[in-house]
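> Count the sequence shown with our numbering and you get residues 457 to 969, in order.
There may be inaccurate statements among the hints.
Simulated pairs of lysine-lysine, DSSO-like, Cα-Cα distance not exceeding 30 Å [said to hold, decoys possible]: (1) K927 x K833; (2) K777 x K664; (3) K571 x K664; (4) K668 x K509; (5) K654 x K561; (6) K619 x K561; (7) K719 x K885; (8) K927 x K679; (9) K509 x K777; (10) K719 x K883; (11) K702 x K664; (12) K619 x K571; (13) K679 x K702; (14) K927 x K777; (15) K700 x K719.
Pair ranges (Cβ atoms, derived) [to be verified]: (16) T950 x D709: 23 to 31 Å; (17) P743 x G672: 29 to 37 Å; (18) D460 x E612: 30 to 38 Å; (19) E612 x Q763: 16 to 24 Å; (20) D492 x F744: 32 to 40 Å.
These aren't lab readings, by the way, just hints derived from the structure by calculation. All C-beta atoms, glycine included, are put in the ideal place defined by N, C-alpha and C.
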Amino acid sequence: MSFDSVELANDAASVVVRAGDSVGAAGPWRPVFCNDCTFPPDIFMGVMINLIKNPNINSSWLFRADILFDGEGNERGAGSPSLPDDVPQFPCFSGFELGRCMVRKLIPRNTMRDKPLDQSCLIYEQTHFTCEDGHDDDGVERSLVVYLPHVASEEEMPYYHPKVQGIAYLHEWNAAESRGSISISYLFYNDSDRSVVKLTRTALQLLKVIYKHGQGSLAGYQKRVQHDVLIPQARVQNTYAVLKQKYARRLIDSWAEVTDPEKHVFEDLSIAAFLIELWVDMYGTGPFPGFVDIGCGNGLLVWILNQEGYEGWGFDARERKSWASYNTIRPSLGPHSARSSLQQLVLLPSPVNRSDLSALASEDFSVELIHDGRFPKGTFIVSNHADELTAWTPILATISECPFIMIPCCSHDLTGSRFRAPVPKDKTKAESSYASLVDWVAQIARDCGWEVEQEMLRIPSTRNTALLGRKRLSGGKCSVPDIEEIVHRYGGTTGYLENVAKLAKKPRSSKSK
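Kindly generate the complete structure, drawing on both the sequences and the hints.
Shown next, in the form of structure tokens:
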């Protein structure tokens with residue numbers, strides 16, 4: 457069944473009727489659209505609860521919803537001392553009684569432009585229903601969900617919410633026929649609002665999302681991506697909002713690279729927010745051990761973290777234009793006398809044979825600019841879309857006894873060559889090239905003795921899987937891994953020197969970070 461919604465006439469009879477209003481009349485709750493569906497009431501309610509908790513599904517202007525109150529019962533405030541004071545009176549509807557009240561605070565992405573909005577989300581249960589012919593039961597099961605924003609006037613409504621007093625979703629289900637319908641109704645501020653195109657378009661989109669999720673659930677769809685596993689969503693988003701307000705505009709305006717400034721600025725601000733909250737959990741108020749960003753690219757992530765008080769540095773095989781703006785001199789950082797926060801270095805891990813270093817020599821690169829991948833114990837290693845260095849990250853972390861985060865992007869083996877990672881043996885996992893890469897580098901980390909944690913980052917990139925190594929697996933041979941054997945098992949390093957030499961001489965693509 458496809459989404460083929462019917463727009464209802466201005467004088468259509470209300471399907472949501474306030475108690476005391478006449479049944480079948482064109483009341484203040486005006487139906488806008490209706491669509492047939494084949495999913496039952498339990499699926500409808502599951503979809504609605506998910507949308508209440510995740511309003512960002514409906515609007516890209518929103519970060520999330522903070523649930524301020526969640527209680528059952530049809531008496532306002534009964535046994536509910538935490539119910540906010542500004543909650544408007546709960547309406548009564550013919551044939552329904554209030555079964556659950558959820559009060560949420562909608563959190564916008566840009567708090568400088570839009571304010572948060574408190575909203576009551578009321579879930580009604582059917583008691584009886586009077587048909588137009590006077591009969592009390594027509595064999596249809598009805599479920600009603602109503603949204604009421606806590607605003608005193610239309611002018612106070614933020615941009616991201618339709619300028620209406622309320623939104624009602626009605627699901628009607630005929631079990632005998634295994635068919636039903638969903639409809640959306642508005643409580644307008646005045647009758648003229650019914651003709652506002654934007655309101656009509658929004659109503660159609662809201663109904664379409666419910667239909668899509670309901671039919672998908674009926675077909676057995678299960679969400680495969682789980683966000684906010686390691687750190688609560690609110691903490692990361694709140695920190696991101698602060699960083700965005702402090703840095704975004706000036707970073708975009710002064711962008712020196714040929715890449716898209718907004719994409720890279722917002723992505724690195726998001727990653728920085730996640731790392732900051734991660735480090736709060738890991739180190740608390742104790743001393744921070746410092747970080748190193750291997751394959752740091754434009755250096756923006758290093759700069760943001762330095763600005764926020766986290767000591768660390770980064771290096772890449774080639775210098776970027778941005779480094780002139782982002783580089784700082786910090787006496788405690790780096791392996792060389794300059795102690796710059798961003799340095800041009802080529803990584804030559806200690807397991808790689810160094811018998812022919814002359815392969816790296818050229819008129820524009822000195823073998824003195826080689827780093828062996830050994831860092832002070834405890835240094836937090838950041839490997840963000842580090843490409844050729846991604847697979848090496850857990851190996852370097854093992855050798856130096858350092859925790860790490862790696863965000864895989866392009867697939868390279870331990871020689872630095874492009875390759876297609878093998879499809880995961882676990883058939884429940886996706887078989888895409890990216891999923892295969894993530895599974896492959898995660899297995900390297902586990903073989904190195906790391907307990908691998910995974911988080912799907914909320915960043916503007918499809919390459920958003922973060923793998924963390926913070927804890928060592930206990931017991932067995934993993935406690936003292938054989939690095940040479942692991943390197944051999946995953947393809948060895950033959951050809952690494954040649955690839956490094958090319959990397960050191962070759963200008964980065966315009967798509968590079």
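> Next, verify each hint and record whether it holds.
Each hint, compared with the structure:
no.	hint	in the structure
1	K927 x K833	holds, 14 Å
2	K777 x K664	violated, 46 Å
3	K571 x K664	holds, 26 Å
4	K668 x K509	holds, 17 Å
5	K654 x K561	holds, 23 Å
6	K619 x K561	holds, 17 Å
7	K719 x K885	holds, 28 Å
8	K927 x K679	holds, 28 Å
9	K509 x K777	violated, 43 Å
10	K719 x K883	violated, 33 Å
11	K702 x K664	violated, 37 Å
12	K619 x K571	holds, 15 Å
13	K679 x K702	violated, 34 Å
14	K927 x K777	violated, 37 Å
15	K700 x K719	holds, 13 Å
16	T950 x D709: 23 to 31 Å	violated, 46 Å
17	P743 x G672: 29 to 37 Å	violated, 48 Å
18	D460 x E612: 30 to 38 Å	holds, 36 Å
19	E612 x Q763: 16 to 24 Å	violated, 36 Å
20	D492 x F744: 32 to 40 Å	violated, 58 Å
Violated hints, listed in ascending order, are 2, 9, 10, 11, 13, 14, 16, 17, 19 and 20; each of the other numbered hints is respected by the structure.
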